[in-house]
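Engineer: The whole structure should be built from the sequences, with the hints applied where relevant.
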Amino acid sequence: MTEAPLPTSASPVPAAPQKSAVSWAMDVLVWGGVIAVLLYSVNAVDLGNISRLFSGNDSMKMFVHDLLRPDFSDWRMFVAKMWETIQIALWGTFLAVLFGIPLGLAAARNMAPQWVVTPVRWIMNLLRSVPDLVIGLLFVTAVGLGPLAGVLAITLNTAGVLAKLFSEAVESIDKGPVEGVRATGASKLHEIVWGVIPQVAPLWTSFALYRFESNSRSATVLGLIGAGGIGQVLFDSMNAFNFKAVSAIVIIVVIAVTLIDTLSQIMRKRLL
Amino acid sequence: MSSSTAAVASVRDVSKTYGARKALDGVSVEVGAGEMVALIGPSGSGKSTLLRSITGLHPIDPGGTITVFGDVVQQNGRVTGAVRRARSRLGMIFQQFNLVGRLSLFSNVMLGALGRLPSWRGLFGVWPGADKAKAMAALHRVGVSDYAAQRANTLSGGQQQRGAIARAIVQGAKAILADEPVASLDPVSARKVMELLVELNKRDGMGVIVTLHQVDYAIRYCNRVIALQKGKVVYDGPSTGLDTKRLIEIYGPEYEDAFWEAKA
Numbered sequence: 001m002t003e004a005p006l007p008t009s010a011s012p013v014p015a016a017p018q019k020s021a022v023s024w025a026m027d028v029l030v031w032g033g034v035i036a037v038l039l040y041s042v043n044a045v046d047l048g049n050i051s052r053l054f055s056g057n058d059s060m061k062m063f064v065h066d067l068l069r070p071d072f073s074d075w076r077m078f079v080a081k082m083w084e085t086i087q088i089a090l091w092g093t094f095l096a097v098l099f100g101i102p103l104g105l106a107a108a109r110n111m112a113p114q115w116v117v118t119p120v121r122w123i124m125n126l127l128r129s130v131p132d133l134v135i136g137l138l139f140v141t142a143v144g145l146g147p148l149a150g151v152l153a154i155t156l157n158t159a160g161v162l163a164k165l166f167s168e169a170v171e172s173i174d175k176g177p178v179e180g181v182r183a184t185g186a187s188k189l190h191e192i193v194w195g196v197i198p199q200v201a202p203l204w205t206s207f208a209l210y211r212f213e214s215n216s217r218s219a220t221v222l223g224l225i226g227a228g229g230i231g232q233v234l235f236d237s238m239n240a241f242n243f244k245a246v247s248a249i250v251i252i253v254v255i256a257v258t259l260i261d262t263l264s265q266i267m268r269k270r271l272l
Numbered sequence: 001m002s003s004s005t006a007a008v009a010s011v012r013d014v015s016k017t018y019g020a021r022k023a024l025d026g027v028s029v030e031v032g033a034g035e036m037v038a039l040i041g042p043s044g045s046g047k048s049t050l051l052r053s054i055t056g057l058h059p060i061d062p063g064g065t066i067t068v069f070g071d072v073v074q075q076n077g078r079v080t081g082a083v084r085r086a087r088s089r090l091g092m093i094f095q096q097f098n099l100v101g102r103l104s105l106f107s108n109v110m111l112g113a114l115g116r117l118p119s120w121r122g123l124f125g126v127w128p129g130a131d132k133a134k135a136m137a138a139l140h141r142v143g144v145s146d147y148a149a150q151r152a153n154t155l156s157g158g159q160q161q162r163g164a165i166a167r168a169i170v171q172g173a174k175a176i177l178a179d180e181p182v183a184s185l186d187p188v189s190a191r192k193v194m195e196l197l198v199e200l201n202k203r204d205g206m207g208v209i210v211t212l213h214q215v216d217y218a219i220r221y222c223n224r225v226i227a228l229q230k231g232k233v234v235y236d237g238p239s240t241g242l243d244t245k246r247l248i249e250i251y252g253p254e255y256e257d258a259f260w261e262a263k264a
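Chain order of the listed sequences is A and B.
For the first sequence, position 190 (counting from the first letter as 1) is numbered 190 according to the numbering used here, and the numbering increases by one without interruption.
For the second sequence, position 42 (counting from the first letter as 1) is numbered 42 according to the numbering used here, and the numbering increases by one without interruption.
Worth flagging that the hints you see were computed from the coordinates, not collected in a lab.
On a predicted model such as this, the values are computed, not experimentally measured, just so you know.
Here a beta-carbon is modelled for each residue, glycine too, at the ideal position from N, C-alpha and C.
Accuracy of the hints is not assured; some may be wrong.
What the hints assert, rightly or not - Simulated DEER-style distance windows between Cβ atoms:
#1 A/270 x B/205: 25 to 35 Å
#2 A/270 x B/256: 16 to 26 Å
#3 B/126 x A/83: 29 to 39 Å
#4 B/126 x A/76: 38 to 48 Å
#5 B/124 x A/116: 21 to 31 Å
#6 B/220 x A/175: 30 to 40 Å
What the hints assert, rightly or not - Within a straight-line C-alpha distance of at most 27 Å, the following computed DSSO-like cross-link-like pairs (lysine-lysine) qualify:
#7 B/22 x A/175
#8 A/175 x A/164
#9 A/188 x A/164
#10 B/192 x B/132
#11 B/22 x B/245
#12 A/188 x B/245
#13 B/245 x B/230
#14 A/188 x B/134
#15 B/22 x B/230
Structural biologist: This is the structure we're talking about:
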């Protein structure tokens with residue numbers, strides 16, 4: 001079977017598309033700019049001292065030596081403190097979900113009027129933009145050293161993040177089932193409980209689990225500023241140059257966080 | 001006027017404007033209790049808009065009035081506070097069924113009770129035993145009680161639509177508004193759904209207003225037909241009065257496309 005010639009075969013084949021001069025100039029400007037800023041910042045970040053990392057001074061030698069010989073003699077205390085960190089993350093995430101649900105519904109354009117959506121989004125952005133370490137410092141001042149400061153710091157920051165994720169899930173729902181519920185004579189609250197929540201529940205749960213994962217990591221860091229948990233012990237051991245204990249703590253943290261990550265991933269996969 | 005004898009819906013001088021387009025243009029119709037009425041007309045003629053206006057799913061332009069079983073539901077361009085009571089008396093059937101996909105068929109049918117149960121019961125899903133029995137009876141009546149425990153989104157279109165009708169029964173609706181109830185179904189399921197609507201009309205005395213793409217279905221199942229064209233009522237009378245001349249007026253020369261199975 002012979003192929004019939006295409007009607008356009010008589011006209012010449014057009015040339016391959018070429019990059020225009022303007023787009024070349026833009027590329028040079030953008031990449032050149034990035035390189036220029038990097039070079040300009042070499043001194044600001046002390047990059048000249050990089051050789052110190054390999055010069056092998058005595059404290060570094062001791063550090064590495066001890067890190068390779070973890071000391072688990074205090075493991076009961078470490079595990080108890082790790083558990084405290086996880087409890088901080090658990091309560092922080094739970095409270096954040098409680099605040100995140102009404103905020104997330106109020107920030108969804110298909111649920112609330114614009115005069116509610118705008119200010120709620122403002123509050124959410126504010127909560128999210130302040131790092132939890134900074135909020136943690138504030139709460140350490142307010143409620144004193146200890147796990148409560150960590151819980152509250154995680155709650156505020158995570159509530160902002162979850163409310164945003166929740167509201168985006170709500171905005172993408174199918175409005176048909178909601179109308180179906182509305183048409184039975186249901187109230188607005190009924191519409192949310194029966195029409196909206198069933199549609200977003202798997203996604204919301206997945207978001208909450210994911211935040212719990214990352215909160216167990218941030219709760220460790222929060223310990224460094226005195227907000228309770230394993231981080232505080234890590235910081236104290238560090239200051240006491242007890243690197244063997246530091247090594248043991250880091251190993252426990254890595255194991256615990258990996259376990260939580262894996263568990264939560266399995267649960268999230270089952271949900272979606 | 002007591003609600004049992006009042007008209008299902010009384011629509012007076014209703015217009016609905018979307019931007020520059022008039023979806024409804026001065027429509028006045030009245031549907032009495034126990035009537036079975038088909039709303040026909042080409043796509044975009046305003047059939048669905050009229051049904052959605054009656055159940056207060058969107059506000060109409062100022063000037064028109066809609067009354068449902070004696071309650072004014074739309075006036076001065078606003079949906080009134082009486083709309084929830086009116087909705088609980090109207091069972092709404094949608095083209096896309098509008099069941100909540102992740103809930104079981106049974107839960108979906110139970111939602112029909114939301115309008116008349118105390119608010120907290122509805123909120124937490126604490127359904128009284130009598131209502132549960134009612135829901136199962138309704139599912140049995142429409143022939144899908146075997147699937148009660150299944151998630152709605154695992155069922156076929158015909159099964160879901162029959163579930164939606166069961167929801168209207170549990171609601172204790174006095175009338176059914178069905179918006180293209182068979183447009184997404186295969187012909188066999190479509191006939192079953194239409195026969196169910198006729199049965200609810202004949203046996204339970206429910207008023208039925210049903211929008212249909214298919215003229216043959218309108219003629220076969222409904223006594224009265226209201227035809228809309230560009231938002232205006234162009235025919236309102238017995239379905240036997242729909243002759244070829246009328247249909248060409250409503251649908252234009254391609255009117256035969258408006259038949260599903262065969263020209264009557």
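Engineer: All hints, please: hold or fail.
Structural biologist: Checked hints:
1. A/270 x B/205: 25 to 35 Å: For residue 205 of chain B against residue 270 of chain A, whose Cβ atoms are near 49 Å apart, the range 25 to 35 Å is violated.
2. A/270 x B/256: 16 to 26 Å: 52 Å, violated
3. B/126 x A/83: 29 to 39 Å: 37 Å, holds
4. B/126 x A/76: 38 to 48 Å: Between residue 126 of chain B and residue 76 of chain A, where Cβ atoms are some 46 Å apart, the hint holds.
5. B/124 x A/116: 21 to 31 Å: With Cβ atoms ~25 Å apart, the hint holds.
6. B/220 x A/175: 30 to 40 Å: 32 Å, holds
7. B/22 x A/175: This hinted pair holds, its Cα atoms lying about 24 Å apart.
8. A/175 x A/164: 20 Å, holds
9. A/188 x A/164: 21 Å, holds
10. B/192 x B/132: 25 Å, holds
11. B/22 x B/245: 26 Å, holds
12. A/188 x B/245: Not OK: residue 188 of chain A and residue 245 of chain B at ~47 Å, beyond 27 Å, violated.
13. B/245 x B/230: 18 Å, holds
14. A/188 x B/134: Satisfied, since the Cα-Cα distance of roughly 24 Å is no more than 27 Å.
15. B/22 x B/230: With Cα atoms ~8 Å apart, residue 22 of chain B and residue 230 of chain B stay inside 27 Å; holds.
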